[in-house]
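Asks: The chain contents come next:
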Amino acid sequence: DTAVSQTPKYLVTQMGNDKSIKCEQNLGHDTMYWYKQDSKKFLKIMFSYNNKELIINETVPNRFSPKSPDKAHLNLHINSLELGDSAVYFCASSQEYRAGGIGELFFGEGSRLTVL
Amino acid sequence: SQQGEEDPQALSIQEGENATMNCSYKTSINNLQWYRQNSGRGLVHLILIRSNEREKHSGRLRVTLDTSKKSSSLLITASRAADTASYFCATAISGNTPLVFGKGTRLSVIA
Chain A
23 DTAVSQTPKY LVTQMGNDKS IKCEQNLGHD TMYWYKQDSK KFLKIMFSYN NKELIINETV
83 PNRFSPKSPD KAHLNLHINS LELGDSAVYF CASSQEYRAG GIGELFFGEG SRLTVL
Chain B
283 SQQGEEDPQA LSIQEGENAT MNCSYKTSIN NLQWYRQNSG RGLVHLILIR SNEREKHSGR
343 LRVTLDTSKK SSSLLITASR AADTASYFCA TAISGNTPLV FGKGTRLSVI A
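Protein chains in written order, with our numbering: chain A, 23 to 138; chain B, 283 to 393.
Mixed in with the good hints, there may be bad ones.
[As the list claims (entries may be wrong)] So, partial list: chain B residues that the calculated Cβ filter (under 8 Å) puts toward chain A:
| hint | residue |
| --- | --- |
| 1 | GLY324 |
| 2 | ILE375 |
| 3 | LYS385 |
Just so you know, these hints were derived from the structure itself, not from any lab. The beta carbon of each residue, even a glycine, is placed where N, CA and C say it ideally should be.
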């Protein structure tokens, strides 16, 4: 079984459309994340979410909204897509914070979004 | 904001040689982690070193951490073609602040 799975793997859409990317983890982790990787491979945190708190990165436009129906799922909805949203979006999960900082992250395989 | 900076940006070596990648960061950390990303795939965790540790080994991997210099290095010994990938360092700061990743080092191991 895949630990962190996200769908779709590829998504091609027109500017102005609304799209969603789904993520599921079967590791029993309490914390899930969305990262964006640009064309230069730079990986940037967008959101982290656990049972208790949604942490929003202030640099993320409000067109991006995470939704978590339960602790095993964290979906990413994007409104009014723009050309600059083209990137690979990675979902990840980790165990809840322990003393010593965030531990190992488990990543999905990524969802490549292309906005035309 | 970006925390880690890997150096070099790209590295090309022959199979069997050792590969060393460096990471520098800006603020105090709780731990530092290294990840590998094969082309078109997700990131895979390699090793975690805590702020009170100086060196850690895992198979052919050796990681060092110098908190006074705010730097870490990843050494891959006896490299193989399968080690070809991008390698990222990531820092855990305080509390449950998400990991912050560097820009990565692209390693090419030529058979």
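Asks: Does each hint fit the structure? Answer for all of them.
Replies: Here's how the hints hold up against the structure:
Annotation: B/GLY324 was flagged as interfacial toward chain A, and the flag holds, the nearest CB pair being 4 Å apart, inside 8 Å. Hint status for B/ILE375: holds, given a least beta-carbon distance of 7 Å to chain A, under 8 Å. At a threshold of 8 Å, the smallest CB-CB gap from B/LYS385 to chain A is about 5 Å, leaving the interface hint in force.
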